[in-house]
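Sequence order for the protein chains is R and B.
With my numbering, the residue at position 29 of the first sequence is 206, and numbering never jumps.
With my numbering, the residue at position 6 of the second sequence is 35, and numbering never jumps.
Everything labelled a hint here was simulated from the structure, so no lab data went into it.
The beta carbon of each residue, even a glycine, is placed where N, CA and C say it ideally should be.
Among these hints, one or two may not hold up.
[To be verified] Calculated cross-link-like contacts (lysine-lysine; reagent style DSSO-like; alpha-carbon spacing at most 30 angstroms):
1) R:K300 x R:K359
2) R:K187 x R:K265
3) R:K317 x B:K103
4) B:K36 x R:K359
5) R:K264 x B:K82
6) B:K58 x R:K359
[Stated by the list, open to error] For the chain R half of the interface with chain B, some residues (derived, Cβ under 10 angstroms), not all of them:
7) H210
8) R214
9) A222
10) I235
11) W249
12) E329
13) R354
14) L357
15) M366
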Amino acid sequence: MDAIVNKRIKQVLNGNQDAYAEIVDLYQSRLYHVCYRMLGNKHEAEDITQEAFLRAYINLHTFDQKRKFSTWIFRIATNLCIDRIRKKKPDYHLDAQVPGTDGLDMYSQIAASEELPVEQLEKMEIQERLQYEISRLPDKYRSVIVLKYMEELPLQEISEILDLPLGTVKTRIHRGREALRKQMSQLPMTEVGGK
Amino acid sequence: MGACHEKYMDYMHAYLDGDIPPEHEQELKQHLKSCDACQAHMHELSDVVAFMKSAQPVTPPPNLTSHVMASLPKRTVSAGPQS
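Using the sequences plus the hints, can you model the full thing?
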């Protein structure tokens, strides 16, 4: 796949803008998934995925083709996600719900500041609960957990994406797992019907 | 939990990352047989991992590529060395 991607990159750099569409097609699913898990909101995930592809395009001449394109674009996207999370933190309220958005958005918005009562957790679908628990993680743990468990990337690649030493990535994954364990001790999934 | 448990906590995470030397793995398994607290902890961590892995893929909106393509600057100002 890298060979095809590098070929398309060369075409783009030579002025064939249309060749970029194929690159977007190849990576959009993975990129969107990571953004969605990081942000917990479809509209924001779409927004950031588009922004990441735009930035990658503008900076394409700086991409070192000896490296993996996926690592590079994941790095652009995770940085954008982290910026977005930090910006939106202080002033999100339940009344920010917009009709037509799905339930996940509401949970992810209240998640950072409020812990839901057990009765409400019990009513959640598994996927809803999953996103709720991810959204409660501090962003430095959230990014490693998402890249490891949602994208199933090797630790070495996570370290390149986040530009962190391998040891730091390991520590953050350990702490992220511990944080999830503590968060979920209130109502472990093993006590919920589905598992 | 005491310092002894902290050591096994590290082993547990190394184990979950597939990053544990065989002698530590042996030691961990022996310890878990005799220590209920650590065994419970290990179970909880394994449950967390299984739960995270149950995440279903989400589908990007169908028109994402065309939106991206429409957002790109025109070729004349596009980046990179022009040939």
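Hints and how they fare:
no., hint, result
1, R:K300 x R:K359, "20 angstroms, holds"
2, R:K187 x R:K265, "37 angstroms, violated"
3, R:K317 x B:K103, "36 angstroms, violated"
4, B:K36 x R:K359, "19 angstroms, holds"
5, R:K264 x B:K82, "29 angstroms, holds"
6, B:K58 x R:K359, "23 angstroms, holds"
7, H210, "6 angstroms, holds"
8, R214, "7 angstroms, holds"
9, A222, "8 angstroms, holds"
10, I235, "5 angstroms, holds"
11, W249, "14 angstroms, violated"
12, E329, "8 angstroms, holds"
13, R354, "6 angstroms, holds"
14, L357, "5 angstroms, holds"
15, M366, "5 angstroms, holds"
The structure does not agree with the numbered hints 2, 3, 11 stated previously, though it agrees with the rest.
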